[in-house]
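A.B. asks: Sequence:
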Amino acid sequence: MTERLKGSGLVGELSAEFAGTMILILFGCGVVAQVVAGGGLTNPPGGLGNHDSIAWAWGLGVTLGVYVAARLSGAHLNPAVTLALAAFKGFPWKKVAPYALAQTAGAFVAALIIRWNYTEALGKVDPGHTIKTQGVFSTLPANGNPNLPVTEWGALRDQIIGTAILLLLILAVTDLLGTPPGANLAPFIVGLIVVAIGMAFGTNAGYAINPARDFGPRLASFLTGYGGAWRNQYGHFYYWVPIIGPLIGGLLGAGLYKFFIGRFLPTAEPEPPGRVPAPDES
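FYI, our numbering numbers position 118 of the sequence shown as 118, with every residue one higher than the one before it.
Rather than coming from a laboratory, the hints here were simulated on the basis of the structure. Predicted model, so just to flag it, every value in this text is computed and none were measured. Check each hint, because a few of them may be wrong.
Calculated pairs, BS3-like style, for lysine-lysine (alpha carbon to alpha carbon, straight line, at most 30 Å) [claimed, not checked]:
(1) 95 / 258
(2) 258 / 94
(3) 258 / 89
Hey, can you work out the whole structure from these sequences and the hints?
C.D. replies: Written out as structure tokens, the structure reads:
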């Protein structure tokens, strides 16, 4: 097993990032399709879920995706995570772009599967494939609601804050020098972090907090009939917000963790005598 893991190299890591992100998006975009497209056809409308079911499914998607990929790649599943780990945790910079491409590809393929699987529902509830169901695949300011006047800049602020929270908490949960969860529960806790962010920060911009999660499905929707995928409900180019915002926010959150917590934690030390055999005893 050890030799096989060593031999997988970068190809194995990228394969894991692709598969883990694909699982994340299958559950994430899948639940939004069920709520928006399927729920739009129930009587009364909205009979297949709501904001809370969306938040829980996204969180569970993260948990399951992490379990899929963690052994091989560490399960970043998010370019903002990869960039922050390179900046603050020693992750190799040469792997940042390949990881981001693999994550985006996994999200793209998953979105194509959701688009295909929900073809009938999407076509019935929104025959023109408009902004009405664009949110199944990618985020919008105020989730496409024109009654809440969130601009691109307001959404950018929201994405910076939300992703900063995400990275600060991810580093706290995974820092072995702190108090990480035991019994392999870290993926579950990370999923709960995403649920909490969705429930507390979902109004202004749909909590993408992940460039691959937004761009991959946005591209998939554009190639399958959503001509306005790159714009928001006001007709403005919006696709850049959930890319730039999370990248900035991830660096900010990781930096805040290092400044407030990481630099004060005790450094790793050798096990005290009696815990491991001394060299001359082996």
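A.B. asks: Hint by hint, say whether it matches the structure.
C.D. replies: Against the structure, the hints:
Using a Cα cut-off of 30 Å, the hinted pair residue 95 and residue 258 holds, with the two alpha carbons roughly 22 Å apart. As the CA atoms of residue 258 and residue 94 are separated by approximately 22 Å, the hinted pair is consistent with the 30 Å bound. Between residue 258 and residue 89 the CA atoms are separated by roughly 10 Å; this keeps the pair inside 30 Å, and the hint holds.
In summary, the structure agrees with every hint in the numbered list given earlier.
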